[in-house]
Amino acid sequence: MTHLAQTLILGLLIGGVYALMASGLTLIFGVMKVINVAQGALLILAALFTFELWTRTGMDPMVAILVTTPLMFGLGWAIYRLFVARVRNAPISMTVLLTFALAITLEGVMGVVWKNVFRSVTPGYFTRSFHVGGLFIPQAQLYGCGVALLMLGLLFVFLTKTWSGRAIRAASENAQGAQLVGVNVNGVAAMTFAIGVATTGAGGSILSVLYSFFPASHYLWISRLLGIIVLGGMGSLPGAFIAALMLGVAEALTQTYISTRWATVVPYVVILVVLLIRPQGLMGSKLREDVAA
Amino acid sequence: MGRRGSKLLGILAVVALVTAACSSSDDGGGGDGDGGTIKIGASLPLTGDFSQPGGEAKRGYEIWQQLTNENGGLLGKQVELTILDDASDQNTVVSDYNRLISQEKVDLLLGTFSSLLNLPASAVAEKNDMVYVEPAGGAPDMFSRGFTYLFFAQQATATHQGDLFSQYILSLPEGERPTTAAYPTQDDPFAAPVIDGIRAQLEAGGIETVYQTVYPPETTNFDTIASDIKASGAELVAHGAVFEDGIGMIRSFQKVGYSPASFFETSAPSNSSQFSDAIGLQNTEGIFYAVSWHPDTDTPLNAEFVAAYKAKFDGAVPAEDAADGFAAAQVLQAAVEATGGLDQAAIRDYLHANSVDTILGTLSWDETGAPQQAFLLAQWQDGASQIVLPEDLATTDAIVAPKPDWAS
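So the sequences go chain by chain: C and Z. Residue numbering for the first sequence follows the working numbering, starting at 41 and increasing by one per position. Residue numbering for the second sequence follows the working numbering, starting at 55 and increasing by one per position.
Mixed in with the good hints there might be a few duds.
Said to hold, decoys possible - Here chain Z is said to cover these stretches of chain C; the calculated rule only asks that three of the stretch's residues, wherever they fall, bring their Cβ under 8 Å from a Cβ of chain Z: (1) 104 to 116; (2) 155 to 163; (3) 175 to 188; (4) 301 to 310.
Stated by the list, open to error - Keeping only pairs whose Cα atoms sit at most 20 Å apart, straight-line, the calculated EDC-like set for lysine to aspartate or glutamate is: (5) C:K155 / Z:E339; (6) C:K155 / Z:E289; (7) Z:K457 / Z:E289; (8) C:K155 / Z:D143.
By construction, these hints were calculated from the structure, which means they are not laboratory data. C-beta: ideal position from N, C-alpha, C; glycine also.
Let the hints inform the model, and build the full structure from the sequences given.
So this is what it looks like as C-alpha cells:
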C-alpha cells in the first residue's frame, strides 16, 4: 500500500511539471492550429540557459525562471515574426515541417555552442527528500511541481481576466468572430506563440534540475508533450493539465507494476488509444470541418 | 657522399615522385597508397545519441594521427584521416563506410563507436575484404557472424566485462559478502550483457536476485525504479548504464535515501570529471566499474598519449573512449608495420596470429575477432579513479568496502 502511494506521489509530481511543459504547445495549437515541433528543442535551450546562469552566477534554477521566461518570450516572438508568420495559412503539414526544421537547427546550434555533453543543474536540494511517514517526497520535484502549478495559475488568470488573454481565447474559439469584434488576430497570434514559447522558460529551468539533458534530448520531450496534448484534446489547456497528471501517474505505475520497458511507450500508446476511441481527446471539441470549410 | 651525389639523389627523388604521381591514377589509391600519404577512413557518431563518446573517439584517432606523423608516419608516409559523421544512425553509418571505400578510396579503415553502429558498419568492411578494427562494440552479437576481418580493440567482450567484479564479490568472507542483489539495466547491446554476465556469476555463487529490470534508452526518470530497488532491500546493485541513466539512477538513490553496500555501474563512472561533476565528487566514493584504460598504467605510449591529449585539449584528462580510439589505431598500425604493407588479408592474418601492445595493455584475438583478456576493475577512491584489480596492474592496494553512504 505504501508502495502504491509512493508511486502515485512520484507520478503526480512529475505530471505537474509535464502540465507546464505541455501548456505552451496546446496553447499555440489552440489559437493557431500550428503544431510547434520545436517546443522540445526550445525546452532544452531554456534548460541550457538555466545551466549557464547557475554555473556563472550560482543563481537558483527556480529563480532563473524570472530570466529565462522573458528570454524565451522574446525568442518566441522573433521565431514567429521571422518564420511561422510566413506559413501561418499554409497547410498544417507545412508548419510541422518548418518547426521540425527549427528543432533540428536548434539542436545543431546547441551542439556547437554547448557541446554534446550531458548537463544538469545541481543545487543543494536536488537530491534531498522530505520523509513523511514511510514515504519520501523529492524536494526538487516538489518545488518544480509547485512552481509549475504557480506558472499555470498565472497563465490561467492571464487568459481569463485580462483583455489580451480574452482576445487569445476568442481567437482560438472563432478567429473570424474575434476579428469582427475588433481583435487584431495577427497580433494575437504573435503574442500566443511568444507566450507558448515563454512557458518553456519555466519548463526548461525545472527540467534542468530534475533531469540530465543534452541537445538531442528534445526528441524524447516533444513526443511526450504531443502525447499529453492529444490525450487532453488539442488546444485545451485544462485538458492538457489533466492529461499530464494522468500520463505522469501512468508512467510511474507502468514502471512499478508492469515493466520499465513499457513505461516510455506509454505516451505513444496513449496517442493511439485516444485516436481510436476519442479522437477529440478528453476535453477537446469536435472539429466540424464540414462547416468550417 | 659529395655535394654532386646529393644533388643527383634529389633529381632522382623528383623523378620518382612524378612517376609515382602519374601511375597512382591507375592503381586507384590501393596498394601502397597514393603519393606520400596513407589514407585512413572512419565514421563516428559526432552528433545524436552517441555524440559524447563519438567525439572522444575522434580525439583519440586524431591524437594517434598526430603522434604517428610526428614520429615519421606509418610505413614512412604521413597519415591522412577522413572522419565522417554518422549521426548515431545505422543507415548513415552504412552509407558512410561504403563512401569511404568506394569514393574516398581509403587504404585502411577504423571502426565506429557502439555495438549498435558497428554491427552494420563491420558488415560493409567484411563484404569489401577490409580489416575493421573497432574501438567500442563488445556485444556478443558482433562475434557470432563468422566475420574474419573484424577485430575488437578492447580487452574483453561485454559478457566478460564484469568478471573481476563478480570474482571479487564472491571472494569476500561470509558476513561481508552481500546476500541479495538488484540488476537494473538499460536495453543496450553493450550494457545489458555485462549485467547478465555478472548476474549469472553471482547467482551461481549463491547471491539471491531480488530485483531485475530492463528499461529502454528513452527512460529519464529513475525515481520509481530506485524506490522499487529500495523496497527490494538489495545489498548489491549492478547497474547497466550508458551515461545519462547512470547519473539519473544515482540521483534517484539519493532522493529515496538508499545506498547499496556494493555498487557496480557500467560506463558512466569511467567518464572522469563529467561523472564526478554530475553526481558530486564526495558521492563517487566506493563506486565500482570495469574499465579498459587508466591514465596511470605503464603501457606503451600511454604517457605520451595523455600528454598530447592534455596539450591539445586545454589540459583535459582523456576519456576512456578516446583511449579506446587510440588503441584501435595502434592495433592497425602494429599490423601494418609488421606486414610491411597494406595487404588486407596479410593484416588480418597477422592480427589473428599475434598479440599487440597498446595503451590498454596487450591484446590478442580469437578467430571471431573477440579479444581474450580481462577488463580492469576500477573504483572511485578519494575523488579519483583507481585500478583495484588485477593486482599486477592495480594503482592502489586498498578496496573501499562497504560503499559509504551518499555524502549529501
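Now for the hints, and whether the structure bears them out:
no.: 1; hint: 104 to 116; verdict: violated (count 0)
no.: 2; hint: 155 to 163; verdict: holds (count 6)
no.: 3; hint: 175 to 188; verdict: holds (count 4)
no.: 4; hint: 301 to 310; verdict: holds (count 4)
no.: 5; hint: C:K155 / Z:E339; verdict: violated (28 Å)
no.: 6; hint: C:K155 / Z:E289; verdict: violated (37 Å)
no.: 7; hint: Z:K457 / Z:E289; verdict: holds (10 Å)
no.: 8; hint: C:K155 / Z:D143; verdict: holds (19 Å)
When the structure is compared with the earlier hints, violations turn up for hints 1, 5 and 6 and for no others.
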